[in-house]
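2 protein chains.
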Amino acid sequence: MSRDLFHSSDSVRSGAPLRHLRTLHLPGPVALELGGTLPEVTVAYETWGRLAPDASNAVLVCHAISGDSHAARHDAADVPGWWDLCIGPGRPIDTERWFVVCANVLGSCRGTTGPNTLNPATGRPWGADFPAVTVRDMVEVQARLVDHLGIQRLHAVVGGSLGGFQALVWATRHPARVGACAPIATSPRLTAQALAFDVVGRNAILRDPNFRSGQYYDAPAGPDVGLALARMLAHITYLSPESMREKFDVSRYTPRDVATAFEKKFSVGSYLAYQGHKFVERFDANSYVTLSMAMDLFDLGDSPERLRASLAPARCRWLLAGFTSDWLFPPAQSRAMVDALLWLDQPVSWCEIPSTCGHDAFLLEDDLVLWGPLIAGFLDGGPGAAPREARAGSATAQTPRPTLSPTSIFHRQRLDHELIASLIEPGQRVLDLGCGDGELLARLAARGHRRSVGVELDPRAVVACVGRGIDVIQGDLDRGLPDFRDAQFDVAVLSQTLQSVTDTERLLDEMLRVARRAIVSFPNFAFRDLREMLWREGRSPKSTGAYGYDWWSTPNRRFPSLRDVEELCARRGIAVVRRIAIDSAHGTEVTDDPNLNADLAILVLSREGAGGGS
Amino acid sequence: MSRDLFHSSDSVRSGAPLRHLRTLHLPGPVALELGGTLPEVTVAYETWGRLAPDASNAVLVCHAISGDSHAARHDAADVPGWWDLCIGPGRPIDTERWFVVCANVLGSCRGTTGPNTLNPATGRPWGADFPAVTVRDMVEVQARLVDHLGIQRLHAVVGGSLGGFQALVWATRHPARVGACAPIATSPRLTAQALAFDVVGRNAILRDPNFRSGQYYDAPAGPDVGLALARMLAHITYLSPESMREKFDVSRYTPRDVATAFEKKFSVGSYLAYQGHKFVERFDANSYVTLSMAMDLFDLGDSPERLRASLAPARCRWLLAGFTSDWLFPPAQSRAMVDALLWLDQPVSWCEIPSTCGHDAFLLEDDLVLWGPLIAGFLDGGPGAAPREARAGSATAQTPRPTLSPTSIFHRQRLDHELIASLIEPGQRVLDLGCGDGELLARLAARGHRRSVGVELDPRAVVACVGRGIDVIQGDLDRGLPDFRDAQFDVAVLSQTLQSVTDTERLLDEMLRVARRAIVSFPNFAFRDLREMLWREGRSPKSTGAYGYDWWSTPNRRFPSLRDVEELCARRGIAVVRRIAIDSAHGTEVTDDPNLNADLAILVLSREGAGGGS
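Sequences listed follow chains A and B, in order.
In terms of my numbering, the first sequence opens at residue 26 and continues consecutively.
In terms of my numbering, the second sequence opens at residue 26 and continues consecutively.
Chain A with its partners taken away, still in its complex shape (with noise of 0.2 Å):
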């Protein structure tokens, strides 16, 4: 993994001149959500790119608990910027394309007003009588300094972590200034398990003696130890076991040699020694406790109901990420704000992206073939969006080129994709299972098809997807269906991929319960090659195609025949409203015992006017 960690790098310098800072003053008061006031805020906020003429281009990008404004350089003298990876010309977010915000957030101490500004009242700072400040706070006062820029309309908002936090809140507060919403490695709010961390954390700041109620300033030590301390125990969660082990384990008995009062006996208590360290001199504990309790607060809801009723408000398109590996910030939680979503019908793309980098890992290179392509595309999107593959050159031109699966033959699944479109009248709403890169889906919105949504478990698939502007959801079907709507797709479509599902009768079921009508394609295990290698030969069916593979190595679990899942079917009160069977070899529909004859077959299904069933 890259050594560049955000939470631990000297990209945020203590004193560095930050050329490109601007300031923005706005008068008071200013009411706060917990019922605090302040007489006055200033916001530090830098740009990059150009607004276009008509502000439609604007990017508000949102940072983590110890950022600030400097998210990227603004030229090659410039110090590095926390995300320069992410922003710049030609990066996932192109600053020759979109004009990039990024304001310091109310309560740090990085130029925005927090705690340790003066407090006008008593002409000292305001140490720790600076007013609990909120997630959406935070928000409010971006909003003014979006207000002041002359941007009427976002057309996204993009954060993790804590900045995460914030684009829900922009796209839930302020739906009607926010075109598309990117929360990276977030969550709805935080597992007991982090909010306890967050507890031990203030606890050892709060409790340093130097801490002297938050009156510090003058003091001749302030609680250096206690957010030291802090700072080390969340730099532990920032990284994953695995990271740790590759970062540590190889010179464990053989610290740096740092400068600290600390132990120094391991490799990891010396780096942590000198995060502790560094993370002092350029941050405020103060802050840090303000910060950390806005966190602690955030809370859109711990179950379905309450997340559907956080997340109701919102008029965005949304694209969520997770990392594997991130446990502070664990994948499911995004998931379950993807799963609310997609109940409310809101226009939303997921995925879980592989890492080993932990919840730093959207802050990394590492993984950055993914989440870069899948942001650049995210950006790239929404209804008027120019079809991707016509722009050349740009930052989407390095998606990655899905590897299709292996039961995804290629000639077959035009032909299979072509009958299937056929089978689909125009402008019905499609869900498409095992949706690939997009291929079918691609095929119906240029047919001018509109809200349609993908399940694809190939993370790269997935990133192919929203780089051609459509929503898709990373997800297993051995695990069920994401949370739609009972009949919230007209058409649900599973093209060759049902004979590698285990749960057969559950995936029925859940088509036939999100779609008015189901379309499943599957080859014929009874074709009559495959009857006869059985029957003459007394081996183990094989043939090409979908039928092309050794048994001890098949990829399909399943092996049904075209009368098999018919009869399956009838017994679970399933119609078939309509069946092809095709001859693949010759291109032709079979009408002559297709049982027998056909080897690829696709029925249209339906529970409406079916009879009977369990």
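Among the clues, some could well be false.
Claimed, not checked - When the alpha-carbon atoms are kept at most 20 Å apart in a straight line, the in silico SDA-like pairs for lysine to any residue are as follows: (1) K290/B / D528/A; (2) K567/A / M558/B; (3) K290/B / A246/A; (4) K272/A / A357/B; (5) K290/A / A595/B; (6) K567/A / R553/B; (7) K290/B / G326/A; (8) K290/A / P156/B; (9) K290/B / S238/A; (10) K272/B / Q358/A; (11) K272/A / P355/B; (12) K290/A / R561/B; (13) K272/A / Q358/B; (14) K290/B / P355/A; (15) K272/B / D324/A; (16) K303/A / D324/A; (17) K272/B / P355/A; (18) K567/A / E530/B; (19) K303/A / A246/A; (20) K567/A / E557/B; (21) K272/B / E306/B; (22) K290/B / M269/B; (23) K567/B / M318/A; (24) K567/A / A595/B; (25) K567/B / R564/A; (26) K272/B / P379/B; (27) K567/B / S238/A; (28) K272/B / E390/B; (29) K290/B / G61/A; (30) K567/A / R561/B; (31) K290/B / L325/A; (32) K567/A / D528/B; (33) K290/B / L231/A; (34) K272/A / D327/B; (35) K567/B / D528/A; (36) K272/B / Y242/B; (37) K567/B / R561/A; (38) K567/B / P355/A; (39) K567/B / S525/A; (40) K567/B / N581/A.
It should be emphasised that the hints constitute simulated quantities derived from the structure, not laboratory data.
Fit chain B to the known structure of chain A by using the hints.
Showing chain B alone in chain A's frame:
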């Protein structure tokens, strides 16, 4: 989950009268591993049950970092012990049968010599001048206690967490004195992540201004804040995210009213404050630093080679067990030790117990139904042990009945096992893959076979095997075999499992690497009835027994014929030494066109003498 966490329980009460506490004074000087010397050592210990006249029934129980000698109550009037669940009459460590010993470890503060005892040279408590101790030092002190008790050889040493470290040292440093060793929820060394948490905890203590270089005993206040912070932090690591959610998320914003100067805004905060506060009352900060450093320095290695070298001296039976949700001591670390022990050809069983309770699981009632009988069965076993079934009313009678896997159809399995057993020569060493509850291995054991090993996925079946005195490794055949050596066994058996394995080729190769011969039994999917079903009816074949599944729900995922398997063997250079084809309905061997007429086949395979192959 149970609320009665050890690490948080009242069981070890400050100042509670421990009527059965004994002390032993060991004259010095006692030389320590890292170079220090103690002029004398006092050991606090307790015992339960009666030592047999030949001293053969002693079980040493080793405690975790904050534990002490009071492992269990001695009678109904006694205060609770930290492992009451496990130790007592009729309990897994049955005090009517075993003479149980538990001693407070060197460096602790619960009766045994530690930093809070007087340094004779100064007449003051040792404080931070107490010499660094290692787990080996703890064990050497215990060895002198065991000498004093007249025990030459311990029947078993059992311990979890730091107690597991001690058990590992006992087995490897005193091989002649340990009959059996059960390290539970432990590891060969801390992960980098666990080490990092310890570092932060120690820094909290050492940088507390009241620590006063460890000489705080006469001061008005000790490093209570630092110790409480260390404890709060450690406490989080003992729980799992799931258990914290269950415990704290319902009442997230309603903290209990705890008298504390720590933050108590959230329920988890008040809980941690309470635990930190309680801990300070009963534990000494210097001891915490001493013991956590001993844990951090414990290191049996991180590579297979180093683990093998560390474990090589042992001469005991082993049981290792871990818990799925334990992220402080991840089960994979124990499993690495199991692999090393298998490579060393030491008798070992391994079970990963499904649990949501995290590291504390071994102290809680939630999963006692599995770990209780596992420990009981292991203590009962060993060479010369009476067959378990004969001892009605023993603790192992609680062993849960495993659910047979769906492919283990009883009557077929009996026939299968009889035939397989008939193919195994007297005294051969057998590896049974997918051994279930140990039926075949028990049959072989009754015939005098020794040192056989089973591999089984279902933890309940693993517990049953251990209860039968069979060495068994919990594992998934789809992830490959444990680290057995080449040709460690005479015969590897795969009974009725071939059809549910994903990577068939690798498994066959592995079987013939670790054993000279393989015996594979499997249903023949080209059996006449099945062929006819596909041929005549165009339906996916279904019959009875291993064929008795519907296509949409069969646990089978490979459907080879006898001919298929033989062809795969030929292709991979594997010779079919013997073939038995069976008509199981009639219980007869089939010689006429077995691929058509047999429904069950048993092949004896070998690489010796086979030509070619890939």
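Now for the hints, and whether the structure bears them out:
Using a Cα cut-off of 20 Å, the hinted pair K290/B and D528/A is violated, with the two alpha carbons roughly 45 Å apart. For the suggested pair K567/A and M558/B, the alpha carbons sit about 18 Å apart, so the restraint of at most 20 Å is met. Annotation: proposed proximity of K290/B to A246/A is violated, straight-line Cα distance about 27 Å (limit 20 Å). Of the pairs offered as hints, the one joining K272/A and A357/B holds, with about 19 Å between alpha carbons and a cut-off of 20 Å not exceeded.
Distance check on the hinted pair: K290/A and A595/B sit about 57 Å apart at the alpha-carbon level, beyond 20 Å; violated. Taking the CA atoms of K567/A and R553/B, the gap is about 19 Å. The hint holds against a cut of 20 Å. A distance of roughly 18 Å separates the Cα atoms of K290/B and G326/A; the hinted pair therefore holds under the 20 Å criterion. Between the alpha carbons of K290/A and P156/B the distance comes to roughly 16 Å, so the proposed pair stays at or under 20 Å and holds.
For a cut-off of 20 Å, the pair hint linking K290/B to S238/A stands: about 17 Å separates their Cα positions. As the CA atoms of K272/B and Q358/A are separated by approximately 18 Å, the hinted pair is consistent with the 20 Å bound. For the proposed pair K272/A and P355/B, the alpha carbon gap of about 18 Å is at most 20 Å, so the pair holds. As the CA atoms of K290/A and R561/B are separated by approximately 75 Å, the hinted pair breaks the 20 Å bound.
Between K272/A and Q358/B the CA atoms are separated by roughly 18 Å; this keeps the pair inside 20 Å, and the hint holds. Restraint check for K290/B and P355/A: the C-alpha separation of about 23 Å exceeds 20 Å, so the hint is violated. For the hint pairing K272/B with D324/A, the CA-to-CA distance comes to about 18 Å; that is within 20 Å, so the pair holds. Taking the CA atoms of K303/A and D324/A, the gap is near 31 Å; set against the 20 Å cutoff, the hint is violated.
A threshold of 20 Å between alpha carbons decides the hint, and for K272/B with P355/A the separation of about 18 Å falls inside it, so the pair holds. Of the pairs offered as hints, the one joining K567/A and E530/B holds, with about 17 Å between alpha carbons and a cut-off of 20 Å not exceeded. Straight-line distance between C-alpha atoms of K303/A and A246/A comes to about 16 Å, which keeps the hinted pair within the 20 Å bound. Taking the CA atoms of K567/A and E557/B, the gap is near 18 Å; set against the 20 Å cutoff, the hint holds.
This hinted pair does not check out: K272/B and E306/B have alpha carbons roughly 24 Å apart, beyond 20 Å. In summary, the hint linking K290/B to M269/B is supported, as the alpha carbons are separated by about 16 Å, within the 20 Å threshold. Note on K567/B and M318/A: the hinted pairing is violated, with a Cα-Cα distance of about 61 Å set against a maximum of 20 Å. For a cut-off of 20 Å, the pair hint linking K567/A to A595/B stands: about 18 Å separates their Cα positions.
Restraint check for K567/B and R564/A: the C-alpha separation of about 16 Å stays at or below 20 Å, so the hint holds. Between K272/B and P379/B the alpha-carbon distance is near 19 Å, which keeps this suggested pair within the 20 Å criterion. In summary, the hint linking K567/B to S238/A is not supported, as the alpha carbons are separated by about 76 Å, beyond the 20 Å threshold. As the CA atoms of K272/B and E390/B are separated by approximately 16 Å, the hinted pair is consistent with the 20 Å bound.
Taking the CA atoms of K290/B and G61/A, the gap is near 18 Å; set against the 20 Å cutoff, the hint holds. Among the hinted pairs, K567/A with R561/B is consistent with the structure: their alpha-carbon atoms are about 19 Å apart, no more than 20 Å. A C-alpha spacing of about 18 Å is found between K290/B and L325/A, which places the hinted pair at or below 20 Å, so the restraint holds. For the suggested pair K567/A and D528/B, the alpha carbons sit about 18 Å apart, so the restraint of at most 20 Å is met.
A threshold of 20 Å between alpha carbons decides the hint, and for K290/B with L231/A the separation of about 13 Å falls inside it, so the pair holds. Between the alpha carbons of K272/A and D327/B the distance comes to roughly 14 Å, so the proposed pair stays at or under 20 Å and holds. A threshold of 20 Å between alpha carbons decides the hint, and for K567/B with D528/A the separation of about 18 Å falls inside it, so the pair holds. Pair hint K272/B plus Y242/B does not hold up; C-alpha atoms about 36 Å apart against a cutoff of 20 Å.
Of the supplied pair hints, the one linking K567/B and R561/A holds, its CA atoms being roughly 19 Å apart against a limit of 20 Å. Annotation: proposed proximity of K567/B to P355/A is violated, straight-line Cα distance about 43 Å (limit 20 Å). For a cut-off of 20 Å, the pair hint linking K567/B to S525/A stands: about 19 Å separates their Cα positions. Only pairs whose Cα atoms come within 20 Å are accepted, and K567/B paired with N581/A is accepted, the gap being roughly 18 Å.
Hints 1, 3, 5, 12, 14, 16, 21, 23, 27, 36, 38 from the earlier list are contradicted by this structure; the remaining hints agree with it.
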